[in-house]
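Asks: Sequence:
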Amino acid sequence: MTVLKRIPKVLSPRLLHVLASMGHGDEIVLADANFPAASIASHTPGGLVNSDGNDIPTLLTAIMQLLPLDETAPPAMVMEMMPVHQALGWKTQIWDTYKEIVSEGEGRNVALTTVERFEFYSRSKQAYAVIATGETALYGNLILKKGVIGSTGE
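The numbering used here numbers the first residue of the sequence shown as 622 and each following residue consecutively.
Careful: at least some of the hints might be erroneous.
What the hints assert, rightly or not - The list that follows gives simulated cross-link-like pairs (lysine-lysine, DSS-like), each with its CA atoms no further than 30 Å apart: (1) Lys720 x Lys767; (2) Lys712 x Lys767; (3) Lys630 x Lys767; (4) Lys712 x Lys746; (5) Lys746 x Lys720.
Derived from the structure by calculation, the hints contain no laboratory data.
Input sequences plus hints: build the corresponding full structure.
Replies: This is the structure in structure tokens:
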């Protein structure tokens, strides 16, 4: 647990270290409970950060208080739904929640970019780190690309 003022308690010391260590353009994966987080994270420099007891909206809300997002490339990416699941009528309401949280955190409208499933896995291996969560929403995985802090500190 983090015992500092204004640091959300869901952000562990390990996760704070990872967020602070990331540079401009580095990406972090917020992985749902079905994502192969450990095997994917073994390819990343920051490794695996366990946050199993938390859902992604809770973590995302906390992360967005600290992490600036990129403004020159897609800053938030989700895994595209497979055609078989689209045909079955599966829904991804969690994406609306992510978009709302990210846009509010950035103070601007931020679009979610969909990435094909295997491209998403490949991109995740290139991320700085993977956060394993307890999120159970279908297609709940999210990649964030770190931006820069401007001259105002925001």
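Asks: Does each hint hold? Answer for all of them.
Replies: Status of the hints after comparison with the structure:
As the CA atoms of Lys720 and Lys767 are separated by approximately 16 Å, the hinted pair is consistent with the 30 Å bound. The straight-line distance between the Cα atoms of Lys712 and Lys767 is roughly 28 Å, inside the 30 Å bound, and the hint therefore holds. Straight-line distance between C-alpha atoms of Lys630 and Lys767 comes to about 21 Å, which keeps the hinted pair within the 30 Å bound. Taking the CA atoms of Lys712 and Lys746, the gap is near 26 Å; set against the 30 Å cutoff, the hint holds.
With a CA separation close to 23 Å, the supplied pair Lys746 and Lys720 stays within the 30 Å bound.
The structure fails none of the hints (numbered hints given earlier).
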